[in-house]
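The task is simple: from the sequences and hints, build the whole structure.
Going down the list, the protein sequences come from chains A and B.
Each residue of the first sequence is one higher than the one before, counting from 1 in this note's numbering.
Each residue of the second sequence is one higher than the one before, counting from 1 in this note's numbering.
Hints were generated in silico from the structure; no laboratory data involved.
A few chain A residues facing chain B, derived, Cβ under 7 Å:
id, residue
1, Pro-65
2, His-98
3, His-128
If you want the ones that stay clear, here's a sample from chain A, every Cβ over 12 Å from chain B, calculated:
id, residue
4, Phe-107
5, Ser-110
6, Ser-119
7, Glu-145
Below 25 Å or equal to it, Euclidean Cα-Cα: the simulated DMTMM-like pairs (lysine to aspartate or glutamate) are:
id, chain 1, residue 1, chain 2, residue 2
8, B, Lys-103, B, Glu-77
9, B, Lys-113, B, Asp-94
10, B, Lys-73, A, Glu-59
11, B, Lys-73, A, Glu-123
12, A, Lys-142, B, Asp-70
13, A, Lys-69, B, Asp-80
14, B, Lys-73, A, Asp-53
15, B, Lys-113, A, Glu-90
16, A, Lys-75, A, Glu-123
17, B, Lys-103, A, Glu-123
18, B, Lys-103, A, Glu-90
19, B, Lys-67, A, Asp-53
20, A, Lys-69, A, Glu-59
21, A, Lys-142, A, Glu-82
22, B, Lys-73, A, Glu-139
23, B, Lys-47, A, Glu-123
Backbone N, C-alpha and C fix where the C-beta goes; we use that ideal spot for every residue, glycine too.
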Amino acid sequence: MITRWSDLDRVFNAIDAMGLLRGRLESGLDEFDQVLKKSGSVTGTTPRTNLFDMGEYFELSAEVPGIGKDDLSVKIQGNYLEITGTRAIEAPAGYTTHRNERSSLNFTRSLTLPADVDSAKVEARLQHGVLVLSLAKAEPAKPQEISIS
Amino acid sequence: MEANKMIQADGGTAETAANMQSVIPLVDIYENNDEILLHVELPGVTKEAITVNIDNGTLVLTGTRTKGSDGIKGWREFGDVRFQRSFSVPQAIDVAQVRAELKDGILHLHLPKSEAAKPRIIEIKSD
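What follows is the structure in C-alpha cells.
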C-alpha cells in the first residue's frame, strides 16, 4: 500500500515536470490524496459482494467495474463459488497518463454459500460493472411447505 | 401553504440524500494532443443516474447507485452510494464538445481542447 502511494507521488512529480495542466486539473487532488490515505477507500484487490436469500434462489452481486464478461469466470460446486477476473489498466494508445488511481486487478474470490445450489440453474448478468448471479437452491435447500393434518 | 409544501418536499429529498453514503470515485486521467480523458469508476450506476456539470471552470460529477433488494440479507459489503467528485477544468477545454460514454461501470469522459490550446507544428520556411 505504502509503495503504491509513493508510486503515485512519483507520478505527481512527473506531472510537475510536464507542467502543462498543473495547478488546474490537479488542484485539490493533493488534498484528496490525504483523505484517500486516511479512509482507505481504495477498491480492494478482491471485489466486494452482497448476498441475498430470495427464497427459491440466492442473489449474489459483485462489484467488478471495468471488467468485461470475457475476463470474468464463475465456478460453482455445491455451496462453493469462485469468481475469477482480470483487468489491465493502461493508457489508451497515444495518451499520456496524468493520474492513475485505478489499478490492474487479477483476483480470485471464493465464497461459501449458506446452502447448496443447482449449478445447472445459475444465471449470470453483468450490469454496469456489477456481476449479478441468480443461484437456484438445490432441492433439499428450498423452503418446504409443511401441511398440518 | 404552497411554500410550506415545497419546504417539506425539499426536506424529504435532503434526508434521503443524507442517508446515502457519499464516496469519491477513483479516476484515471489521460491526455493527448486533442483532449483530456477521464476514466471514472462508477460500478452499478446507470447512465440516467449520472450527472456531469461544468460551470465556471469546475466540473462536478455525481452518480447515484440505488439497488433495493427484497430478499433476506446474507451479507452486504456494498450498498447504495452517491459518487461525487469535482475537478478544476483548464480554460483550454471546449466545454460545448465534452462527451461521455459508460462501459462496464466506467465512465469515459472526453474533454476536448479548444483549437487555440492544441499544440501546433510551426513550419519553417526556407528563403
